[in-house]
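Asks: Residue numbers (the numbering used here), protein chains in the order written: chain A, 1 to 158; chain B, 1 to 158; chain C, 1 to 158; chain D, 1 to 158; chain E, 1 to 158; chain F, 1 to 158.
Treat the hints with care, since some could be wrong.
It does not matter which identical chain is meant; a pair holds if it fits inside one copy or across any two.
Unchecked claim - Each computed SDA-like pair below joins lysine to any residue, with the alpha-carbon atoms no more than 25 Å apart:
hint	residue 1	residue 2
1	Lys109	Glu47
2	Lys109	Thr146
3	Lys109	Gly50
4	Lys121	Asp66
5	Lys121	Leu60
6	Lys121	Asp62
7	Lys121	Ser46
8	Lys121	Asp58
9	Lys121	Leu87
10	Lys121	Arg149
Quick caveat, the hints were computed from the structure, so don't treat them as lab data.
6 protein chains.
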Amino acid sequence: MKSSYRERLPDFPESLSVPTVRGAEVRSEKVAQSEDRHARGLRTLSEITGESGARVVDSLRDIAPDLADWIIDFSYGDVMARPGLDLRSRQLATIAALTALGNAQPQLKVHIAGALNVGCKPQEIIEVILQMAVFAGFPAAINALTIAREEMGTVPIS
Amino acid sequence: MKSSYRERLPDFPESLSVPTVRGAEVRSEKVAQSEDRHARGLRTLSEITGESGARVVDSLRDIAPDLADWIIDFSYGDVMARPGLDLRSRQLATIAALTALGNAQPQLKVHIAGALNVGCKPQEIIEVILQMAVFAGFPAAINALTIAREEMGTVPIS
Amino acid sequence: MKSSYRERLPDFPESLSVPTVRGAEVRSEKVAQSEDRHARGLRTLSEITGESGARVVDSLRDIAPDLADWIIDFSYGDVMARPGLDLRSRQLATIAALTALGNAQPQLKVHIAGALNVGCKPQEIIEVILQMAVFAGFPAAINALTIAREEMGTVPIS
Amino acid sequence: MKSSYRERLPDFPESLSVPTVRGAEVRSEKVAQSEDRHARGLRTLSEITGESGARVVDSLRDIAPDLADWIIDFSYGDVMARPGLDLRSRQLATIAALTALGNAQPQLKVHIAGALNVGCKPQEIIEVILQMAVFAGFPAAINALTIAREEMGTVPIS
Amino acid sequence: MKSSYRERLPDFPESLSVPTVRGAEVRSEKVAQSEDRHARGLRTLSEITGESGARVVDSLRDIAPDLADWIIDFSYGDVMARPGLDLRSRQLATIAALTALGNAQPQLKVHIAGALNVGCKPQEIIEVILQMAVFAGFPAAINALTIAREEMGTVPIS
Amino acid sequence: MKSSYRERLPDFPESLSVPTVRGAEVRSEKVAQSEDRHARGLRTLSEITGESGARVVDSLRDIAPDLADWIIDFSYGDVMARPGLDLRSRQLATIAALTALGNAQPQLKVHIAGALNVGCKPQEIIEVILQMAVFAGFPAAINALTIAREEMGTVPIS
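The shape of chain A in the complex, shown without the other chains (with noise of 0.2 Å):
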């Protein structure tokens, strides 16, 4: 017998499923949930980030001052900062996903310590770049290499 995943699921947050038929009151929890959004993501970006990743959203401000905004809110705020999937996944997800697409240095590196600020090990880390080998090809992960290189080394040891 077959089911759809969302009934074998019943514990997902519903607070942030709006639901299909939208009346008064889910418009009002809405806003509510909008404000919360720029605070959500701006802790979820520190939370991850430290400080490198709201310089790279301070640095977009002179020139594209919502998309600045849009990274906190919609990138950290509404993605990010969702339940279900716990931080630790979540930059593992992006470092290999970054390391398959090959074009977003500067994004890995700033993923790679926040993949470290939130609790992953190194060797982690080598092992999804590793692994991407596999599904993107070995210059893919020799150069996400060379990046995990560079910031591997800047890393405190705890």
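Starting from the known structure of chain A, fit chains B, C, D, E and F onto it as the hints suggest.
Replies: Quick look at chains B, C, D, E and F alone, frame taken from chain A:
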């Protein structure tokens, strides 16, 4: 004070790390390892993909039998079987990469099933895919969800 | 004499630019904005894609309801609804990008229809696709034309 | 009732469309056209890129002189010079594609300058890049903005 | 002692290299060349793809007749017909690129058939695809093999 | 009458093809093969890249010693050393793929040098890169030429 990440990771299993200086013992140890590659690969392939991975591999034997062996020996025996990262994280990383690349639908399908096999919750898979909207754009996430929906319905209720 | 491009653009609508220093008024203004995000997104989605975009978004509600909202609130409410670039140029830019990426056929189809909806001439769409032969290669252009041909036949003569 | 888009576009300049049946007149007309390809390409290259495009093309002459000619004759003479789409839209489409691809920074830089040359407002260029956050992910948009910032400062105030 | 590669290649056919300084003779030579582009393109297209390439090109005439001509005149007349690399190597290079890109299946199919047409052995085609497992990852190689299997069965035994 | 391509290729070296049914002899043969993987890989790596490839591999030993071994054992021992395609064609195929992908400049540089090492003429390398203008667009070809120019000047006159 800085240190290389390897100093901080004394617990990484040395048996998988071939020393730079290669002597006779290293050689014979390596042969023993090599004998295990195929068995380890088959076991890991089966653990992750159940029978569907073996079917994919077998389907390659008519046209590229060596590629079939590489998948078992290298991809699963050398890479995916490595300690240092649990299979759940490995599968989520693979799903992230294939979603971002956007041109490997058959493999994405196999690895979503594989993620469920090794204990990922459906919502965790969805979370990784949603997160790719940030890193690879909305079309990548939407198209991966189409694949995920096909696969999610086929999983028995646990 | 040089100047930043922002000095030269005093007419950019400040209402969309949240100042870096955030005080109480900014906050309440932001909430008001947030209330509008969804309505603005729905209106823009409808303006660009007619009913087909809403259908795509609704089809995501079973598996990823929040992604459906992000598409409305973020993609269309925050981004596509922005002043500063007309919808025709936005659609042609989207077609260029999706043609070049070459791995988002369903979205390319929707946005070709969307381009026609907002007043792009069929030939303009073809011109953008042809131009991609220069920037992304002939296969990218040829495969996008296959999609364009499917879509172009369904547009009523105006 | 459906119709092909070509029926609806009787005003497309036939002089650029070579009929399928090729007779003597077509041939001679084509030769005449061919004579113009280079001149038309040089003029369009200059119109879009000022002197910087010509410099790029000339820099290829030592290693690949024919590529230099293809850029002039094909890319600019055959493609970019076509009627049916204004140069502003062409440049915005190119910026969208190169931002989304993420691996052609030198060309993105040239075409941002080119967009300004043909009359695009800086904000329009920024808007196209921001829009790519939706279609190709935030890293693509952020990295293109880095290039845009380099280029935007060099434009004289008009 | 170093030297530019061009000094070492005196035998490159000058007739294809248009000198930087363009005088009257160059012009008339160019016109003559231009007359030949289409004929040379048709001959090379036919030599590589048999009738299937011409079918693809003709299928574009309804929607983009000029693209059809560019394929003949530029892709095959200017590029693929060039001396300096044999057609077998050209086809294997194309197969490598399309396998690695992974988003151009129709073209990969045409060029696998084309490789067989110009004398590549089936095993050589397979070798190129397998090699892409190293440079672009296993999914790219596996998906290209699926296309190769479709095409390989249709070749008459020689 | 159709036939699979493998029937038509009886001369493919069986020693590299491990039969589907695996018995004791296959196993011991495989161990012998495995012993050779590393030696064969080192020899092929050296043949193609001279000392530069070994330098790249060694530079990975601090951070990912197993990746260094995979490059030798798998990429060069299993894949690049295979009979069925000459090294010149293999290098041209690699250059085609890396040019098209556009995000692996360090590897493109190594493999252009490698192509020269195994006997490719500089013009053949240029031809493959130029051909990519057709299949992956002009920016891909232009950026690969920039790398080629760096590398071409460092080759001793033969």
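Asks: Can you give the numbers of the hints that this structure goes against, from lowest to highest?
Replies: Nothing - there is no hint that the structure violates, so all of them hold.
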